[in-house]
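**Q** Protein chains in written order, with our numbering: chain L, 96 to 257; chain D, 2 to 192.
These aren't lab readings, by the way, just hints derived from the structure by calculation.
Treat the numbers as computed from the prediction; the structure is a model and nothing was measured.
By construction, the Cβ of each residue, glycine as well, lies at the ideal position given by its N, Cα and C atoms.
Any given hint could turn out to be false.
A short, non-exhaustive set of chain L residues, derived as facing chain D with CB atoms under 7 Å [claimed, not checked]:
| hint | residue |
| --- | --- |
| 1 | H158 |
| 2 | R166 |
| 3 | L173 |
| 4 | F191 |
| 5 | L192 |
| 6 | L251 |
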Amino acid sequence: MRAVLSRRNPGDATLTSRSQATLREPATMAHSGLPRPRDLSGSFLVEELPPDGDRFDERKVLHLTSWPSMRELPPDRLMACARVCALLSLGPSVGFLVHRRLGLPREAVLPVLHTLHADGHLRLAGTEGQQTEATDTSPADLDRESTRRPNVWTKLLAKLLT
Amino acid sequence: MESRILFLGPVGAGKTTAVRAISDIDVVDTEVRASDEVGQLKATTTVAMDMGVVQLDDDRVVLYGAPGQDRFDFMWEILLEQSEAVMLVLDHSAADPVADLARYHTSLLRQRERRLPLMIGLTHTDCVPGRSLDIYESYLRPLKARCGCMACTPPVQAMDARSRTDVRAVLVALAAVLDVAQRFTMKPCLA
Chain L
96 MRAVLSRRNP
106 GDATLTSRSQ
116 ATLREPATMA
126 HSGLPRPRDL
136 SGSFLVEELP
146 PDGDRFDERK
156 VLHLTSWPSM
166 RELPPDRLMA
176 CARVCALLSL
186 GPSVGFLVHR
196 RLGLPREAVL
206 PVLHTLHADG
216 HLRLAGTEGQ
226 QTEATDTSPA
236 DLDRESTRRP
246 NVWTKLLAKL
256 LT
Chain D
2 MESRILFLGP
12 VGAGKTTAVR
22 AISDIDVVDT
32 EVRASDEVGQ
42 LKATTTVAMD
52 MGVVQLDDDR
62 VVLYGAPGQD
72 RFDFMWEILL
82 EQSEAVMLVL
92 DHSAADPVAD
102 LARYHTSLLR
112 QRERRLPLMI
122 GLTHTDCVPG
132 RSLDIYESYL
142 RPLKARCGCM
152 ACTPPVQAMD
162 ARSRTDVRAV
172 LVALAAVLDV
182 AQRFTMKPCL
192 A
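Working from the sequences, and respecting the hints, build out all of it.
**A** Printed below as a string of structure tokens:
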């Protein structure tokens with residue numbers, strides 16, 4: 096359900112989380128006026144508030160947990176999605192660096208990241224400064240990226256997508 | 002420049018069909034009439050290899066299809082030595098596809114000096130609609146915890162080997178992995 100809602104409005108994925116929807120439910124049961132059973136728990140808010148890692152935030156470190164089914168992707172998303180997943184399969188990366196590292200437009204990558212996250216293929220953790228694990232964000236990588244020339248696999252990608 | 006991808010997997014998984022679906026040329030094959038128990042599965046079988054080509058401008062990517070029968074497994078090593086990546090094609094409707102995965106995966110991980118990026122393509126998924134693709138995840142999960150490189154924990158993708166669109170989509174994923182691997186430092190294999 097969450098994924099479907101997010102696809103309708105990819106830029107607004109954080110507003111559609113299941114946990115938030117739960118919080119909008121009335122605090123009392125309409126027919127009796129009694130508090131909902133969950134509210135009896137003192138830790139209700141702690142349990143029900145979405146964890147930070149649940150909201151997509153491109154400042155956070157993205158971990159790829161699984162690949163989407165490639166054959167079900169729309170053709171215009173196929174390359175960006177494959178490259179994003181390939182990059183993240185090498186290691187976690189801060190969200191806002193993904194498009195720069197791949198040399199793709201931000202507007203092509205961001206909806207892909209939103210959809211991958213909404214479909215449960217990405218896990219978010221920490222912020223850039225907190226995550227030493229995201230080693231692939233080093234400037235050296237970006238330099239290599241900017242000086243690279245198309246290799247045979249880039250050409251194969253281009254050929255397969257024509 | 003010539004680069005090579007090896008299509009590997011058990012008999013009847015769809016390696017030859019997948020290579021045919023994506024090749025720009027008529028596939029050079031070594032199909033012969035099956036004279037053993039494979040004859041009950043299909044009329045012909047590959048005995049040496051299949052070869053298809055995706056032609057690029059000045060370069061080309063050769064797609065090798067390895068024979069699936071164990072008695073031709075010496076061909077796997079010959080073809081693996083020349084390949085830069087592996088597409089492991091598994092029949093999801095087989096009696097024990099996870100055992101097939103384990104057998105091939107273990108063989109591939111035995112190549113300690115040269116572990117190649119790997120992608121798993123599952124065929125015949127429509128034949129067993131009740132069987133979840135998660136069964137492969139349970140096999141791969143411990144490896145992911147231990148290592149997580151592309152050889153140890155390959156992506157698992159469903160595809161119809163007869164469908165050019167499906168094979169292409171999975172090959173796009175593999176090409177993206179190879180492209181990124183050339184540009185960034187690959188995660189070292191810790192297994």
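**Q** Let's test the interface hint: is any C-beta of chain D closer than 7 Å to that of L251 (chain L)?
**A** 5 Å, holds
**Q** Verify the interface restraint on L192 (chain L): the C-beta must sit less than 7 Å from at least one C-beta of chain D.
**A** Because about 12 Å separates L192 (chain L) from the closest Cβ in chain D, which is outside the 7 Å limit, the hint is violated.
**Q** Holds or violated: H158 (chain L) as interface residue toward chain D, Cβ cutoff 7 Å?
**A** 10 Å, violated
**Q** Are F191 (chain L) and chain D close enough, Cβ to Cβ, to be under 7 Å, as the hint says?
**A** 17 Å, violated
**Q** Tell me if R166 (chain L) is really an interface residue toward chain D, meaning its C-beta lies closer than 7 Å to one of theirs.
**A** 4 Å, holds
**Q** Identify whether the interface hint at L173 (chain L) stands, where standing means a beta carbon of chain D within less than 7 Å of its own.
**A** It holds, given that the least Cβ distance between L173 (chain L) and chain D is near 6 Å, below 7 Å.
Against the hints set out earlier in the document, violations occur for numbers 1, 4, 5.
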